[in-house]
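Asks: Sequence lines, in order, name chains A and B.
For the first sequence, my numbering gives the first residue as 1, with consecutive numbering after it.
For the second sequence, my numbering gives the first residue as 1001, with consecutive numbering after it.
Since the hints were derived computationally from the structure, they do not count as laboratory data.
Glycine included, each C-beta is placed from N, C-alpha and C at the ideal position.
Among the hints, a few may not be true.
Computed Cβ-Cβ distance ranges for the label pairs, DEER-style [unchecked claim]:
#, chain 1, residue 1, chain 2, residue 2, range
1, A, 115, B, 1087, 54 to 62 Å
2, B, 1060, A, 52, 46 to 54 Å
3, B, 1087, A, 75, 52 to 60 Å
Think about it this way: if two alpha-carbon atoms lie no more than 20 Å apart in a straight line, the pair counts; the simulated SDA-like pairs of lysine to any residue are [unchecked claim]:
#, chain 1, residue 1, chain 2, residue 2
4, A, 269, B, 1074
5, B, 1009, A, 225
6, A, 231, B, 1087
7, A, 218, B, 1072
8, A, 231, B, 1005
9, A, 269, B, 1006
10, A, 175, A, 140
11, B, 1087, B, 1141
12, B, 1087, B, 1215
13, B, 1009, A, 67
14, A, 269, B, 1215
15, A, 269, B, 1073
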Amino acid sequence: MAREMSDTTIAVDQRVEKIAWDLTSRPAEYDPDVHSEAVRMETRELSVKYGKVVGVEGISVPIYSNTVTALIGPSGCGKTTFLRALNRMHDLMPSAAVTGEVLLDGENIYGRRVDPVMIRRKIGMVFQKPTPFPTMSVYENVVAGLRLVGIRNRAALDEVAEQSLRQAALWEEVKDRLKAPASALSGGQQQRLSIARALAVEPEVLLMDEPTSSLDPKATARIEQLISELKSAVTIVIVTHNMQQAARVSDFTAFFFLGSLIEFGTTNKIFTSPEEQRTEDYITGRFG
Amino acid sequence: MEQQYEMAKSLEGLYNGMLHMGSLVEEALRKALIALSNWDDELASAVIDEDARIDGRQIELEDECTNLIARMQPVGADLREIICCIKTLTDLERIGDHARHVARSLTKSAGPHYSSMLPRVRVLGNKALAMLHDSLTALIDRDAEKAQQIAYRDSEVDELHHTLTEDALAIMKTETQGVEAGQQIILLSRYLERIGDHVTNICQWIVYARTGAHVEFDR
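Can you make the complete structure from the sequences, with help from the hints?
Replies: The following block contains the structure:
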């Protein structure tokens, strides 16, 4: 009997080992209390007003390190306004008033002594439409940010250019025409060039405002793949109108409606059993 | 491209998880059969306790299926594989329940008729166990042909169950002391025969995942 038992156990053990299924390796659901050390950014009671018009009001949300957070909601819900507040883009609009706090690594980026240029270097942005400098070459586009901060060493610039273009999954396509004007690239390539330029200054966070809305499905798939690859290097916050895209690429989802944050949670939770009825109605297409 | 790659990776994880749960079920059944032959109370209790773990695994894996459907919007073969997974999880969980029932049926006082028929129950159980083992291999290999061959073996299990039930009934009719023994044997035989049916279901879902066709192997 003893022999029979041990044979059984070995047979099953080997099988389990063969499939290398490790329960501990499964990604755990994020719990803010447990993962507090992994918070890269955080907003506290963040509000943005344009004169008397409220853009967003009282938004408190954590942004976890090396994850993708998607901001979803119908047009005009405040998701882009919120995104732009994360790297002080509203500074450029005299009528916009920002209150509350945005913390990056625990420090308020709206603090008196904080230089907004430094903030935008740490928190990069990619826009809806590709924004290469059209008359500059592919190469010069990528290193533009570095030249601005005074880096002249050619070898260093070359290295960063190649690394950034590789990270943006564009290197193989442009390595033989680095001197060609950026405007000669396709729309999808131009968007990846914009991403490469943002990555060149080694940001901690990358904000993406509907980065695929002007691209065809193939170029969109390429960018989506890129987003999951970049996660190991940067923390990503993405605004998207495409709910399926949010479901596919993000780890966390924040649902905005009428300038308020209705619900924030893991993307699994938001897309399978959200807490709020309004979230459920939105993701199932009942409104918006 | 990206979605296909992510989907393939997720499905691989899902099927590995399912194989893990299947292995737990297989182990439970094997232990239940050994406990039965060896009158081993301790081993039987272990099988009963383990069932909660199997049920927990089912829920986890079903949640993974739900997440995958919600986030990846699978179609075609990907969708069929997830449906196969959800259905298979139910059958595996039911097989786990039957293993627990077998362990619960362990008795030391059912008399000589029980003891003499027990080896035949064990033969029946081993056939069901082998079917389960092979079906898990077919599942992970997505092997529809093998699944069909495994499902056909269920008729041997049914046949054994049929003769065992008839013999047990015959004893119950002739001897009063044989009633408890006969009842026990019929119950055990029934649990094990049902396992064969669940394995047949799993085989049908493997064929569905592979081909999209709904087949009935038990007719």
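Asks: Of the hints stated earlier, which fail here?
Replies: 3, 6, 14
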